[in-house]
Structure formats: structure tokens, C-alpha cells
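What follows is the residue order along each chain.
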Amino acid sequence: MEDLAVKTGASKVAQSPAAGHNWPRNNGIDLDFGWVLDQRVNLSAAERRVATLPGRRTVKKDAQAAWLLKAVTCIDLTTLNGDDTTERVKRLCAKARQPVRQDLLDAMGMGGRGITTGAVCVYHRFVSTAVEALDGSGIPVAAVSTGFPAGLIPHDVKLREIEASVADGAKEIDIVITREHVLTGNWQALYDEMRDFRTACGDAHVKAILATGDLKTLRNVARASLVCMMAGADFIKTSTGKEGVNATLLVTLVMLRMIRAYQERTGLKVGYKPAGGISAAKDILNYQFLMKDELGREWLEPDLFRIGASSLLADIERQLEHHVTGAYSALNRHPIG
Amino acid sequence: MTVARYFDEMSYGPAPEADTEARQWLARHKGEFGHFINGAFVASASGKTFETNEPATGKLLAKIALGGAKDVDDAVAAARKAQGPWAKLPGHARARHLYALARMIQRHARLIAVVEAIDNGKPIRETRDIDVPLAARHFYHHAGWAQLQETEFADQVPVGVVGQVIPWNFPFLMLAWKVAPALALGNTVILKPAEFTPLTALLFAELASAAGLPAGVLNVVTGEGETGALIVEHADIDKIAFTGSTEVGRLIRERTAGTGKSLTLELGGKSPFIVFDDADIDGAVEGVVDAIWFNQGQVCCAGSRILVQEGVAPLFYERLKRRMQTLRVGHPLDKAIDMAAIVAPVQLQRIENLVAKGVAEGAALHQPTIELPKGGSFYPPTLLTGVQPTSIVATEEIFGPVAVSMTFRTPEEAIQLANHTRYGLAASVWSETIGLALNVAAKLAAGVVWVNATNLFDASAGFGGKRESGFGREGGREGCYEYLKPKAWLGRKLRAAVAEPALKPVVGDFAMPSVDRTAKLFIGGKQARPDGNYNRNVLSPKGKVLGEVGEGNRKDIRNAVVAAQAASAWSSATTHNRAQILYYIAENLSGRADEFADRIAAMTGASAANAKAEVEASIARLFTYGAWADKYEGAIHQPPLRGVALAMPEALGVVGVVCPPEAPLLGMISLVAPLIATGNRVVVVPSEPHPLAATDFYTVLETSDVPAGVVNIVTGSAIELAKTLASHNDVDALWAFGTPELSTLVEKLSAGNLKRTFVDYGKATNWLDREAAEGPAYLRRATDVKNIWIPYGE
Numbered sequence: 001m002e003d004l005a006v007k008t009g010a011s012k013v014a015q016s017p018a019a020g021h022n023w024p025r026n027n028g029i030d031l032d033f034g035w036v037l038d039q040r041v042n043l044s045a046a047e048r049r050v051a052t053l054p055g056r057r058t059v060k061k062d063a064q065a066a067w068l069l070k071a072v073t074c075i076d077l078t079t080l081n082g083d084d085t086t087e088r089v090k091r092l093c094a095k096a097r098q099p100v101r102q103d104l105l106d107a108m109g110m111g112g113r114g115i116t117t118g119a120v121c122v123y124h125r126f127v128s129t130a131v132e133a134l135d136g137s138g139i140p141v142a143a144v145s146t147g148f149p150a151g152l153i154p155h156d157v158k159l160r161e162i163e164a165s166v167a168d169g170a171k172e173i174d175i176v177i178t179r180e181h182v183l184t185g186n187w188q189a190l191y192d193e194m195r196d197f198r199t200a201c202g203d204a205h206v207k208a209i210l211a212t213g214d215l216k217t218l219r220n221v222a223r224a225s226l227v228c229m230m231a232g233a234d235f236i237k238t239s240t241g242k243e244g245v246n247a248t249l250l251v252t253l254v255m256l257r258m259i260r261a262y263q264e265r266t267g268l269k270v271g272y273k274p275a276g277g278i279s280a281a282k283d284i285l286n287y288q289f290l291m292k293d294e295l296g297r298e299w300l301e302p303d304l305f306r307i308g309a310s311s312l313l314a315d316i317e318r319q320l321e322h323h324v325t326g327a328y329s330a331l332n333r334h335p336i337g
Numbered sequence: 001m002t003v004a005r006y007f008d009e010m011s012y013g014p015a016p017e018a019d020t021e022a023r024q025w026l027a028r029h030k031g032e033f034g035h036f037i038n039g040a041f042v043a044s045a046s047g048k049t050f051e052t053n054e055p056a057t058g059k060l061l062a063k064i065a066l067g068g069a070k071d072v073d074d075a076v077a078a079a080r081k082a083q084g085p086w087a088k089l090p091g092h093a094r095a096r097h098l099y100a101l102a103r104m105i106q107r108h109a110r111l112i113a114v115v116e117a118i119d120n121g122k123p124i125r126e127t128r129d130i131d132v133p134l135a136a137r138h139f140y141h142h143a144g145w146a147q148l149q150e151t152e153f154a155d156q157v158p159v160g161v162v163g164q165v166i167p168w169n170f171p172f173l174m175l176a177w178k179v180a181p182a183l184a185l186g187n188t189v190i191l192k193p194a195e196f197t198p199l200t201a202l203l204f205a206e207l208a209s210a211a212g213l214p215a216g217v218l219n220v221v222t223g224e225g226e227t228g229a230l231i232v233e234h235a236d237i238d239k240i241a242f243t244g245s246t247e248v249g250r251l252i253r254e255r256t257a258g259t260g261k262s263l264t265l266e267l268g269g270k271s272p273f274i275v276f277d278d279a280d281i282d283g284a285v286e287g288v289v290d291a292i293w294f295n296q297g298q299v300c301c302a303g304s305r306i307l308v309q310e311g312v313a314p315l316f317y318e319r320l321k322r323r324m325q326t327l328r329v330g331h332p333l334d335k336a337i338d339m340a341a342i343v344a345p346v347q348l349q350r351i352e353n354l355v356a357k358g359v360a361e362g363a364a365l366h367q368p369t370i371e372l373p374k375g376g377s378f379y380p381p382t383l384l385t386g387v388q389p390t391s392i393v394a395t396e397e398i399f400g401p402v403a404v405s406m407t408f409r410t411p412e413e414a415i416q417l418a419n420h421t422r423y424g425l426a427a428s429v430w431s432e433t434i435g436l437a438l439n440v441a442a443k444l445a446a447g448v449v450w451v452n453a454t455n456l457f458d459a460s461a462g463f464g465g466k467r468e469s470g471f472g473r474e475g476g477r478e479g480c481y482e483y484l485k486p487k488a489w490l491g492r493k494l495r496a497a498v499a500e501p502a503l504k505p506v507v508g509d510f511a512m513p514s515v516d517r518t519a520k521l522f523i524g525g526k527q528a529r530p531d532g533n534y535n536r537n538v539l540s541p542k543g544k545v546l547g548e549v550g551e552g553n554r555k556d557i558r559n560a561v562v563a564a565q566a567a568s569a570w571s572s573a574t575t576h577n578r579a580q581i582l583y584y585i586a587e588n589l590s591g592r593a594d595e596f597a598d599r600i601a602a603m604t605g606a607s608a609a610n611a612k613a614e615v616e617a618s619i620a621r622l623f624t625y626g627a628w629a630d631k632y633e634g635a636i637h638q639p640p641l642r643g644v645a646l647a648m649p650e651a652l653g654v655v656g657v658v659c660p661p662e663a664p665l666l667g668m669i670s671l672v673a674p675l676i677a678t679g680n681r682v683v684v685v686p687s688e689p690h691p692l693a694a695t696d697f698y699t700v701l702e703t704s705d706v707p708a709g710v711v712n713i714v715t716g717s718a719i720e721l722a723k724t725l726a727s728h729n730d731v732d733a734l735w736a737f738g739t740p741e742l743s744t745l746v747e748k749l750s751a752g753n754l755k756r757t758f759v760d761y762g763k764a765t766n767w768l769d770r771e772a773a774e775g776p777a778y779l780r781r782a783t784d785v786k787n788i789w790i791p792y793g794e
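Protein chains in written order, with our numbering: chain A, 1 to 337; chain B, 1 to 794.
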């Protein structure tokens, strides 16, 4: 059975390039304190929704292969390590261009679809390397910025870092918010900071990393999500990957509901990016189910959904080979990224 | 469908759970099942069968034996024979059996889940993730009660042979709710599964037998309504436990009236789902999914009446409708659905008819534009908004995936709307303000209240309703008592009939006459003349006229009930306050002890010493309940969640008390004191032959700060006044002690509003025996346990 959202969304998204941005951009709105403070999230109720989801939704066989391939197109293939080098980044970019073996894509009838990852995500230092390595592929480069991951460098330095990455060709900037503003309830400061980041990004799209593992409560997550969207975030993103707890279905649920609430009020679609801790194919399917059921079909495409992950792709590749051949796969059968 | 097409559409494909093993099990039985009696499958004596079908396709699943009188007799005989040895087993031995059943359920969990989904039509997700695990948990929990029975229920004995009739909406879970406590506590069982869904009960019987359960302990007799009636009316069954419709529950109450059968009824509901403007709206929307689209809404405690605070109603409805659009209805064995099939075409038709009526009465219909599978009994998730309280869909239980909705302005109005129903099963309250949520939870007339949650169940927390949602609890310590009876009552004998003395004519003389005293009725704190203005003589055993009392009639009862209803503040008075007043009554009675003793002696012919003993025992009994008033506490259940379930004993409300003929003072106090100690207000019909102790007593009440209307006294004919009380729809419970006919009448007429009854079937209680005549056995009957579930966390 197919639901309506599929039918209405299908034609529009079918034409979308892998990482295009086909929706009116969120230019933000004035900070609405009342709306921010009005947010309430019942932990137990949210947990229940998330706990029952895997029993309510699943995909099998061809459908599963298709969903996993779709997830590949949403991956921000990431390397954010102290030992990154230009050659390491180039290798990653090569994997981004050809994330799944061509013979497997052909076997699934997807050989001609130009499957690539959604983006490549690196530190500023490697933006130009990645831009060059991805030249002609249409794959955007995303740069983490603003003193990633803690975000505690001077504000003006953050803005200069954004501008430098944009100048080097980054099309997407993943900023980190100052967690202190959330933990102390200083929503004005959070809003102002985010507004400045957005302005500094210019045409580059900005993803606001909330570092939900630091914010602790779902109420904080809800409020921070809303303030960042009010200040013009194109995406809201869970984590840097460096906090103690990174992306979870629970914070995802809350952030998606905030995206929906923002859309209800403004008509604008804001994207979502879970990051960190998603390494198994079966895990990402649950995120996709939540995206589809809480937000709708459109949010399964890379212009509204990104996945910050480094090892997830390898597991998806194995699952896809299993789907094609019927035999369980091994990591060394797929090119390293 | 191809990978490419799925990639473009991103739709969910089919995700079927395999049914191979389930089909093989059916095939092993050649698609035909007998009853399970005395440890073996047997065909019906009549050879008759009926069919059980697959709701998702309408196809035949199996032929099932149709139980007749002979089959029920055989099952009862087997259960009777097994009951003695089963009860005599040490608790630890029964605990081992129950534990084995729990483990057995877990080992065969998937088979049970698949058979259940096929036979009932509900999603495999629910049978697999909810029904079967909860059933296993129920057997584990009650294995524990079997283990602890000898110490925790030392003053109780098993009820005996139990007939259990269960519904089709949770065939396996209801089996567990019924069978686990019954067996754990030493009873044996004749279980009748619903005709639509007999398979998992038969599978369970087969597995239980393989797990070593002795023959005769559990018997399953399949059949239709008539088979159920045979069980209900069987003379050698000691207790009936029924879950099903209020309509059938009422019939069972009538048919078992006066038989001495203990009765548990878990009936229908129209449970409110209240959303305040400070709720987590998205959480509440998801709560609706679990409230009314769980099991296709075929849930007795379904949150079927959504009450939304006006200010947030538009947003709430918008989000709810959006959520409805993402619900998926599919085949029961599809693992990617939210709802599956309605149990049978007849039920589907009932839902369709009721919704059509609701729409005709002005409700706005909302159904999502989603696809339904073809062929079986399917109905889409449905929301009716703008429903007026006068509409049939607002009052009748639809038992389908249909939520009706209306708005409220204030918490007070929410409570009023929520409670304005004949039912009182469950309620759900959504607010992030703790004070508001708990205050509302406490005021809802419901046996179960979920705060910021819905449809949570656990073996440790009692489940059951108030009002016409039935009585008795299933689960937890409170549920155990439903399968036990006090040891101290075992020796009670039928009351000897006492002939009415012949009236001796009064012969006046010239001595100084005593001042004439007119005993009146006592209603709403005032002495009142009887409405009919007739009086009756009160005679000594020798026929001497001791005085006259009012001949109360139905209007006096009506007035007394009005007064008792008006005294509702008593139910929320502090327990300390109620304790003080009980002690004060004792104090004032003590000051007039000699007078009361003389009166008792004159009326009953008791010796001076015995009469004095009755008064002293009465004073002591008042002290007992003064003591209990602030000590009869609830429990904090610990179901498996981050939170608690508060089991709070609550007053029943207005309770009629028809006092036994004997012990005119002590009998009355033994019944009235536990009731008022727990916050009830009472309408008392004193001992019919000896009412003057009661009419003297109202002056004690007047001097003891008892608020007006808490105790009302109407003298007259016990049986006539009991009739009015039993059929009165604003009386919540009726305690009646006296003749067997009185018990029969009270139980029969109580079926109208399913009031709780406490009768003695003509068996006399020794009111001087503290074991038999006071304590928690009375307090439990004076209260209903309300379980308030409070998950927490931030």
C-alpha cells in the first residue's frame, strides 16, 4: 500500500539533484520568546513513540534496498579527525562519487541514477582539497565551523572561519551553537549568534549543530531547535559526533516535531541532520521512518535530510550486496572510503 | 515493484510475518478442535461445532466444538475434582506451575502471537510486542502470589471452582488476566473463550498440559453465548469472572443473583482522554493513536472521548488529522502497519451504523484518505469532532477505531464532562503541570487513570472499573482478593427464622406515664417525619409495644439519597477528620451505654450482660474504624516503567445499608462504620424488628459533629426499602444483611446501574467475633481501588 504523501511528493522529488535545494530558503523570523518558552516535551510519551516505531514500520527486500540507497544519497560522508590529510580527504571524495559498487547498482537497476553521497564534510583546512576532488560531481562540500566542536572561540573568529570556508568553495556550513546560551536560557544570545552565522554564510546553507548530548533535556532541545530556525538555520543537526551522546531517535523525534511546528507557522521547510552514532543500516531505516511519518515524503531527500556518518556507508554496502546475491557480505568486498 | 520505483516513491513495501508454524499447528489438529476438559481434547457431547474465521480474509480457520450442558457439566466436574488437591498443594508447588506456564508462553511466544493475529485480525506487532509479553508477565507475577499466599493471605481461602468468560478483543491477554490469579491462589477454572477467537485458549491449554499442569485444573469449553450462560448458571461453580459488554454483564448479575456466586465484571467504557492547553500536544496526539487506534479501538478502556481545552483545540485537531494521514491499515501479519482488521463483519457493521448516526446528529467526520486492504473487515481510523454530549456517539461505546471529540473551557468543566457518563473504566490526562494533572486524576470517576500516557497495563497494578464499567480488579494484590474469601466467614450458618411475637394489647394504668417519644427518620442531619405518615409498632419478644417508628417509603429513600449525595464533602474530608468523628461517636455512645443496653435488652430479650456486651463491642468497633480511617492506605505499584502507579482506595459514594435483624446496634455499626471511615455516605435501614437502637442513635450522631447527610436513617420494611435502594440509579453500592430473599433481590435489582453489593445470602455473622465482623475485609468492600499511573522524567 502506498500513502498519499508518496503520490504527491513523488514527481517533485524525482527531479531533484542529489544535493540540491529545491525549497524556499528559511530566512528566519523574529525571535518569539513566548513560542520558545511554550515548548513542552513529555519524556515518557516521546520515548513510547520511539520505542514502538520499529514495530510499526519496516521495509523488506526491494523496498529495503531502495531505502538504503536513498540513505546513501543523504549521507554527509565525513572525516573530522586530528590526523586528516589531503590524501585521506581525496580518498573520501572518491568514495563519495561512487559510494556503492557499480555492479551492485546495475544489479538493482540503479546503475544509471548517478548515486552519490549527499556531501562530503571536512574541517576548513580541507575544503579546497575536497572542492577540487569533487569537481564536476555536483557533490557539495560541507565545512564544520565556528570553533567546532566546542564552539568556544571568539565570536568574530567564528564569523571569519565561516567566511573563509565559503571563500574556499564550501556550499554548506555546519556551525556549533554556544551551549551555554541554552543551558542558561539566554535565547536572545542564541538567536543573535545564529543570525550572525547565517549572515556570514551568505548563499551557503547553514546547519545548526545543537549538541543535544550537552543540552540534556528534551525541552532544551525543543527550544534550541526553534530558536535556531527562527534565526535562519537551513538545517538543524543533533551533534558534532564528539559529545558523550550523539544522535538518538528520541532527540530526532523532538527536533522533527519542532521542524513541523515551524513549518505550520511559517510554511518553510527546514532540513534535519542526525550525526554521530549511526553506524548500522537497520538504525538509519528507523530514522527514515520517523522522517517520513513525522514530516513527510519530502524529508527523505538530501535537500531536507542529511546523515552525518563515517562508517554507516560500509554497512549499507554489505546489506546491498546481500540483497543482490543472497549471501552475507564482508567489509573487504567494498572499496574503502 | 522495483528498487528504482521504491527509490522514487519511498513507499513501504509488504513485510509479512510468516505464518507457517501457525498453519502447521492448525493442520495438526486437522482444522478441528474439541473442548479441553480434564487434561484432554474432547468433542462436544452433541457433536455440534461452529466456525472461527480469519477477519482479514473472511476465510475459515477451524471448526470448534460447540459446548452444551453435558460438556459444561463434565468440565465443572473435572474442575471440582481437581480443586481440592490443587488448593492443598503448597503455595510453592503452585508457584512452580505458574512459573512453568510463564516460561512456556515465552518459549512459544511467536506461535501464540501469530495464531492470535490470524484469529483476531489484530496486528502482529500488538500480539507480539504487547499481548503475549504482558500475558507472560501476568503468569510470572502470579507465580509470586502463589509463593506468598500462605503468608500474605493467611486469613483467606480460595473461592473454589471458577467460571471465566472472556472477550474477543484480547483473547490471550484476557486469558492470562483471568487464569493466572485464579490458578495461583488455589482455584480451578472453566474458561470459555469468545466464539470469534477461541484458538489461543486452545493452544494455551495444549501447551499448559505439556508443561505439566494437572488435569482438571484448567478446562476450556468453547462455544457461543449459550455456552457462557450454561457456565454462569451452573450450580457447582463458586465464582464467575467476566469481561465483556455491560449489557451481558448486567444479565450475568441478574442470573447469578442470590446464588452466592462471587462475581467480577470488567465491562464497557467510554473513557475520556483529556488534553489541557499546557500538554505536550504532539505527545498527546501520539497518545490518541495508542488510545483509540490500538487494536482497532476494540478496547474496553479505549480513550474514545477526546476532551480538548478550547484554546488548543484547532492546533490539536490539525496535528491529529495530519497524524491520521500517516497511519497504515493492513493485513494483521504485515509488520509495517498501525491497524489491521475488525474482528468480524457484524462488528464492522455496528461501527458503520454508529458513525452514520453520529454524523446524522451533527458530528463532523474525518477519515484519512488512506488505502484499506480489500476483502476482509477493515475500517479506517476515524475522528468525529463537534460532537455534542447528546449524540449517541458521545454516550455509546462504539468499540471501533472511532474517537469522538469535544472541547472544554476549564479543568472543572473537563472533569464534569469526563465524569458525565454511566461508565467509569479508565481515563487519560495530558498536562505538563503536576498540580493540575494529579488534581484531575483524583477527581475522575475511573478505575484507572493514566497521566500523560494511555493504555498502560501491568500485572502488578489492578485494572477494573467503577459504575457500569463493572466491579472487581484484575492484577496486583487488589486483584488477588477477587479469587479469595475470608476464612472467618466459612462457618457462617443460615439465620434461624424468628417468629414475629403476637401483639399484646396495651393496658393503661394510673401510674405516672413516661413522656411519649416519637422516633423519626433521620435525613440530611434532620429528624424527619415519614413521607407517608404511617408508623409501625416495635415489639418486645413478648409482644409488648416498645414504641413506634416511621414506616419509610420510596420517597423517604429518595430524600435520604439526595441528602447523602449532597454530603459529598465527606468523601474528601481528611482521614484525620473522619477518624476524630468516629471516636467522638464512640465517646457519645459510651456516655449513654446503659440506656442503649436497656433498649437492646427490651427489644431482643437479650440478657443485661449480653446487651451491655453489644454496646461495648459497638464502642470498640467505632474505635477500630476510627483507627483504620487514617491507616487504610493504598499502595505504590512498581510496574516496569520509570514512574509509579498509585493504588488509591476511594470511597464508593452513596451506599445503602440494610442492617441485619439481629444485633440491632452492633450490626448497624459494624456496617456503617467501615463505610463512613472510608468516606462513603450512607442510607441506613435499621434492623426491621428492632429499629429503636438506630433511632436512638441519631441523637448520638447529632452530638458527634457528623456532617448532615453522611448518615441517614430510614426505618421500615427491610425488603421494601431494599428494593428502592437496589434499583436506585444514584446509589453506588448496597450492603444488605438478612434473609436469602433479601440477598437475591438486592443482587438482581442492583444490575440496573451495576452497583456494588455486599450480602450474606441469609447467613448470620457473629458480630461479636472480630475476625468475622471487622477489619480490612469490610474496608476493601467499602472502597474501589483507583490506579493512577504516573510516568515521569524530563
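Hints were generated in silico from the structure; no laboratory data involved.
Mixed in with the good hints, there may be bad ones.
Said to hold, decoys possible - Beta-carbon label-pair distances, calculated as ranges:
# : chain 1 : residue 1 : chain 2 : residue 2 : range
1 : B       : Asp278    : A       : Ser279    : 30 to 40 Å
2 : A       : Leu183    : B       : Glu352    : 48 to 58 Å
3 : B       : Thr151    : A       : Lys216    : 39 to 49 Å
4 : A       : Ala280    : B       : Arg110    : 18 to 28 Å
Cβ coordinates follow ideal geometry from the N, Cα and C atoms, glycine included.
Here is what the structure says about each hint:
Between Asp278/B and Ser279/A the Cβ separation comes to about 39 Å, which falls inside the hinted range of 30 to 40 Å. Leu183/A and Glu352/B have their C-beta atoms about 54 Å apart, which keeps the hinted 48 to 58 Å range intact. Range check, Thr151/B to Lys216/A: about 45 Å between beta-carbon atoms, so the 39 to 49 Å window is met. Under the hint 18 to 28 Å, the C-beta atoms of Ala280/A and Arg110/B, about 23 Å apart, fit the expected range.
Violated hints are absent here; each numbered hint is respected by the structure.
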